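Student: One-letter residues, chain by chain:
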Amino acid sequence: MDFGIQNQTDEQQQANKESSNQNVNEGNKKQTGFCAFLTVEFYTPYFNVTETDVIQRIQGTFLPLKPDFLNLIRGNPDLWGPIWINATLIFMITAIANLRQIDEEKENQSFVISYVPQATALLYIIAFGTPLVLAAVMKFLGVDLSFFQTICLYGYSMSTLLPITILCYFQNELFLWLIIVYGFANSSLFLIINLKEELDKLQIQKKYIIIGIVVTMQLSLYLFYKLVFFSYVTE
Amino acid sequence: MDYTNQKQPQNYSQMEDLKTLDLEESVSETIMRDLRMIAYKLKYVLIPKEQEDNGKELRNWDLWGPLIFCLALAMTLSFKADSTTSSSKSDVFAIIFVLIWVGAFVVTLNAQLLGGKVSFFQSVCLLGYCVFPINIEAIIIAFVGSYLPFVVKLIPVIICFAWSAYSSVGFMASLVPPHKKKLAVYPVFLFYLFLSWFSLIV
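Each protein sequence line maps, in turn, to chains A and B.
Residue numbers for the first sequence follow our numbering, beginning at 1 and rising by one.
Residue numbers for the second sequence follow our numbering, beginning at 1 and rising by one.
Because the hints were derived from the structure by calculation, they are not lab data.
None of the values given here were measured: they were computed from a predicted structure.
Some hints could be false.
Computed beta-carbon distance windows for the label pairs [what the hints assert, rightly or not]:
1) A:Ile-58 to B:Ser-26: 52 to 62 Å
2) B:Ile-136 to A:Leu-63: 38 to 48 Å
3) A:Leu-174 to B:Tyr-40: 56 to 66 Å
4) B:Pro-177 to A:Ile-213: 33 to 43 Å
5) B:Ile-155 to A:Leu-38: 44 to 54 Å
6) B:Pro-149 to A:Pro-117: 26 to 36 Å
7) A:Leu-174 to B:Phe-143: 37 to 47 Å
8) B:Ser-174 to A:Tyr-124: 28 to 38 Å
9) B:Val-152 to A:Ser-146: 50 to 60 Å
10) B:Ser-174 to A:Val-137: 42 to 52 Å
Yeah, the Cβ is synthetic: ideal placement off N, Cα and C, and Gly gets one too.
The task is simple: from the sequences and hints, build the whole structure.
Tutor: In structure tokens form, the structure reads like this:
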């Protein structure tokens, strides 16, 4: 790299060394290029949280009326939460659905395990697909929210489903519908109030498009949840 | 095979002769050698006292062990599938198989994304070997499970789950920076919990 440059002064050589060091460091930090999103290093900055951060963020989702969440994650959206909250939910759906089916009197108990692929598809498509669509729509309409922040927001909104899944163990149909409605209201409010700050900058019609998308997806998630996973009630 | 009483190869054609000796050994010898290697690694991974060199043995990763345990678990659980679940045997087999490999892949990827610098296959190898206690509990429950109430079945499940989790947590926690340890360990815990639950249910 230094072919033919033999007459540099000491200062120039020092400056060259420093700038080449900096280039190497910057190359380690960011991957650029067309297929960068396929490398592991591209996603590493989004896992920069500790366990207390994660717990704090999950707690933030249970109090939807305080719009602190977006400020919490603005500088540091993380992907750990969305991925593993959904994985936990898949396990809990299977476990709780099986526990509901336990019937001490039956000789050969038959448990359902087909919820695993169904739940995986449902939760991950909604947790990652909806933010994809929403972020694209929002960028198109001029809202300044990055793609990863939307994924983070949506992923953490799924944590409302954690206590709801546990409560779905009980067999009372009315109780189940009540908590499903509560969950739907809680997570929709959480999403809308956190997006409100960004949405206020838009015109009324555009705002309602986004709110409409959000509410529709939450509604379909909760309805699917109730009707497919927890509709089986033993008499 | 003992090569010590053979002459050192003087040229290329003699080296070729030596290589064909491996092919000439009987199949049973090759298989026994591989099985012994798997058994050695298993003892190393699951019994902490064997680890005198702080985990350096894990660098010789192999995927035969994990494959054997994965197949054994999937076959054990699908064996009784028709009578205990409403899905067919092939559904159960497929779910378990995919769960183990995709689960190991995702847990390892998670550790790498959190900043851990570990070879990918080394970690998958370790997670696969630690599935062995889950295998044991699946076999126990498959044979005696129908005679025991649910609560009694929980005891071997919990013991084996704790054994698996404890064996792999030490390794996984050492990979990532200290403030992210729990974030790397929780997915391992969830992975073995999932597998234990299946061995309990099916």
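Student: All hints are to be evaluated individually against the structure, with a verdict given for each.
Tutor: Each hint, compared with the structure:
In this structure the hint that A:Ile-58 and B:Ser-26 lie 52 to 62 Å apart at CB holds, the actual value being about 59 Å. The given range of 38 to 48 Å is respected by B:Ile-136 and A:Leu-63, whose C-beta atoms sit roughly 45 Å from each other. A hinted range of 56 to 66 Å for the beta carbons of A:Leu-174 and B:Tyr-40 is consistent with their spacing of about 59 Å. The hint said 33 to 43 Å for the Cβ distance between B:Pro-177 and A:Ile-213, and at roughly 38 Å that hint holds.
Roughly 45 Å separates the CB atoms of B:Ile-155 and A:Leu-38, a value that falls within the hinted 44 to 54 Å. Restraint check, B:Pro-149 to A:Pro-117: a C-beta distance of roughly 30 Å satisfies the suggested window 26 to 36 Å. For the hinted restraint 37 to 47 Å between A:Leu-174 and B:Phe-143, the CB-CB distance of approximately 42 Å keeps it satisfied. Against the hinted window of 28 to 38 Å, the Cβ-Cβ separation of B:Ser-174 and A:Tyr-124 comes to about 30 Å, which satisfies the hint.
For the pair B:Val-152 and A:Ser-146, the beta carbons lie near 52 Å from each other, so the given range of 50 to 60 Å is met. The supplied range of 42 to 52 Å is met by B:Ser-174 and A:Val-137, whose beta-carbon atoms lie about 44 Å from each other.
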